[in-house]
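Count along the sequence shown from 1, add 1, and you get the number used in the working numbering.
You may find that some hints are simply not true.
Ranges of calculated distance between the beta carbons of each label pair, as one might list FRET restraints [what the hints assert, rightly or not]: (1) Ala-606 to Leu-327: 42 to 52 Å; (2) Pro-110 to Asp-572: 17 to 27 Å; (3) Glu-341 to Trp-303: 20 to 30 Å; (4) Glu-341 to Asp-570: 40 to 50 Å; (5) Asp-100 to Glu-341: 27 to 37 Å.
Note that these hints are calculated values from the structure, not bench results. Every residue gets a Cβ at the ideal spot worked out from N, C-alpha and C, and that includes glycine.
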Amino acid sequence: MVVPSTSPRSPSVARASSGPGAQRRPPRRAPRPSLVEDSAEHLHLHADVLVIGGGPAATWSAIAASEQGASVVLVDKGYCGTSGVAATAGVGHWLVPPDAERRDEEITPREEQGGYLTDRDWTNDVLDEAWYRTALIEGWGYERTRRSRPAGNGARGGTTGPAPAPNPFARRPGERSFSGSSPDYLRFLRGKVKKNGVTVLDHSPALELLVDGEGVVSGAQGYQRQTGRAWRVASGAVVLATGGTTWKSHSLGGDVNTGEGHLMAAEVGAHLSSMEFSNFYGMVPFGTSMDKNGFFVTASYWDHEGAPIAYENLHKSRAELLGASLRGTITAQFTQFGPEVRPTLRAAMPNFFMVTDKLGVDPFTERFPMDWVQEGTVRGTGGIHVLDRDAWTGVPGLYAAGDVAARDRVVGAATGAGGPNLAWAVASGTWSGRAAAARARDRGPSSRGQRLEPTGTLGLRPDGGAHRPRSAPAREGAWREITAAVRDEMLPIDKSAFRHHHGLVRSLDTLDELWDRAGTELVPSDVRSADAIRTRETAGMLAMARWADRTALHRTETRGMHTRTDFPDTDPRQARRLLTGGLRDLWVLPDPEPPVTGDAAAPYAAPTPPTWTEEAS
Numbered sequence: 002m003v004v005p006s007t008s009p010r011s012p013s014v015a016r017a018s019s020g021p022g023a024q025r026r027p028p029r030r031a032p033r034p035s036l037v038e039d040s041a042e043h044l045h046l047h048a049d050v051l052v053i054g055g056g057p058a059a060t061w062s063a064i065a066a067s068e069q070g071a072s073v074v075l076v077d078k079g080y081c082g083t084s085g086v087a088a089t090a091g092v093g094h095w096l097v098p099p100d101a102e103r104r105d106e107e108i109t110p111r112e113e114q115g116g117y118l119t120d121r122d123w124t125n126d127v128l129d130e131a132w133y134r135t136a137l138i139e140g141w142g143y144e145r146t147r148r149s150r151p152a153g154n155g156a157r158g159g160t161t162g163p164a165p166a167p168n169p170f171a172r173r174p175g176e177r178s179f180s181g182s183s184p185d186y187l188r189f190l191r192g193k194v195k196k197n198g199v200t201v202l203d204h205s206p207a208l209e210l211l212v213d214g215e216g217v218v219s220g221a222q223g224y225q226r227q228t229g230r231a232w233r234v235a236s237g238a239v240v241l242a243t244g245g246t247t248w249k250s251h252s253l254g255g256d257v258n259t260g261e262g263h264l265m266a267a268e269v270g271a272h273l274s275s276m277e278f279s280n281f282y283g284m285v286p287f288g289t290s291m292d293k294n295g296f297f298v299t300a301s302y303w304d305h306e307g308a309p310i311a312y313e314n315l316h317k318s319r320a321e322l323l324g325a326s327l328r329g330t331i332t333a334q335f336t337q338f339g340p341e342v343r344p345t346l347r348a349a350m351p352n353f354f355m356v357t358d359k360l361g362v363d364p365f366t367e368r369f370p371m372d373w374v375q376e377g378t379v380r381g382t383g384g385i386h387v388l389d390r391d392a393w394t395g396v397p398g399l400y401a402a403g404d405v406a407a408r409d410r411v412v413g414a415a416t417g418a419g420g421p422n423l424a425w426a427v428a429s430g431t432w433s434g435r436a437a438a439a440r441a442r443d444r445g446p447s448s449r450g451q452r453l454e455p456t457g458t459l460g461l462r463p464d465g466g467a468h469r470p471r472s473a474p475a476r477e478g479a480w481r482e483i484t485a486a487v488r489d490e491m492l493p494i495d496k497s498a499f500r501h502h503h504g505l506v507r508s509l510d511t512l513d514e515l516w517d518r519a520g521t522e523l524v525p526s527d528v529r530s531a532d533a534i535r536t537r538e539t540a541g542m543l544a545m546a547r548w549a550d551r552t553a554l555h556r557t558e559t560r561g562m563h564t565r566t567d568f569p570d571t572d573p574r575q576a577r578r579l580l581t582g583g584l585r586d587l588w589v590l591p592d593p594e595p596p597v598t599g600d601a602a603a604p605y606a607a608p609t610p611p612t613w614t615e616e617a618s
């Protein structure tokens, strides 16, 4: 297996032509896609760029592509701006000014937390793009009070948590932040997308990619839920921004994240990175799904007998608390916050306190029972491997942005949490949108007349090859049974949080058998129907589970959120990222691109600021 790679400092189309400091003034409105067919049975469009997804990364990608003068179609499984995990949280971008000392101060702790699998050069580029792009939002008309994100990035706890923090919203003079309500933020981004001339298709999940005769990704097709018709978009390039995967754990907003974007990428030859770091468990008040807050990171904890629980760093690992939970219900309390900042915290995360208020609990002054929910690759780091600052997947015409793409170069073996993940969404969304527009421009309109072939393995033949599904209907309820079986392997703490050789082998035997079963049972009666959506989601979850466990079996050490009870120590020789891929026959190989940390990184030099800002009109 030959794994494509690129130097972390190699030039790319996006950075060479349109990075910070080389941006041209965008047109006020991008051209509209061409309408080929609009009937009761079928919608067919031609566009320069197709973006699949509807969260922050998808909207930033669509905005960036339209700024380059591309016609853009955005398709979302739900309603763009309201579905997915981001819509249920708060906004807190990881914004660090372009200053070498401040960058070192922020990045160094994350290198240690991430098990030294990160890349400082990539991280600086992500922070640069996020810094300059978010600065445009005010000029676009978004007028809200700016408040800094809560402190506590990487703070270490003692036996009952760290000492009480001072003002959690304090920031240094001259620094900038962008935080607020996610529903407001995403609603604004949706409006900006439409203002830029992007055509938005809501409730229109994609089912498979389309390729031309040379294997170049040239669009996708799917099904519109509300109109009951198939859709097809032929395009010069495609950006996948479908989010991570939670294996339907009922993480708040996460059940729409089922991995079909990753599967679509693998079907055309893309591979994945750091899939062993896809087992992040979010904390919730017991009996709820409210996992959207960072207050737990530096809280105090007690086991089921009331003894304080010592922990090192919840950004790096939660093994101490997860282990205690296997022995009984643990309790938590937000002792780190003084009375003077509690009203501000309530205003910053009202959805969390709505839940605790309904439970009759004051989490600042009372201990409350807590539980866990598997957040998979949404808070983990695994995903599609991108090769350069174009967010290119290595497959001609295909790019990836946001949680569907691996964030390992930025956060390594640790969680990205909210801030780094949002910075990655802004940066990778911008890179992918610019590069996809450039790709479409290079291909020109002549590519639209080519015959396109679907690539989906909806029928999942045992050999894993791309093909058209059979006409025979699926066994009724098969997708429910297979989904339940996948969840049984991926959700339990004693299987996914604490791994060992024999357990992983047993899980992989089960998952491989399910994959073979899926070849005959996950066959929708009509590949352009709501039935196909469920089978496709199940296939995506199953594929993601196999990639996650296969790479976990190969990493014979404990690092970050990956805990091997049979290999409890960290092995310095394994300080490299792992790539994986394949459909039926999976492979795992070390990433030929090594981590770049500390002094190994290039000296940081701030880029030239952009030469324009768009008018508020």
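Against the structure, the hints come out as follows:
{"no.": "1", "hint": "Ala-606 to Leu-327: 42 to 52 Å", "result": "holds, 48 Å"}
{"no.": "2", "hint": "Pro-110 to Asp-572: 17 to 27 Å", "result": "holds, 22 Å"}
{"no.": "3", "hint": "Glu-341 to Trp-303: 20 to 30 Å", "result": "holds, 25 Å"}
{"no.": "4", "hint": "Glu-341 to Asp-570: 40 to 50 Å", "result": "holds, 43 Å"}
{"no.": "5", "hint": "Asp-100 to Glu-341: 27 to 37 Å", "result": "holds, 30 Å"}
Figure legend: structure checked against the earlier numbered hints; every hint is met.
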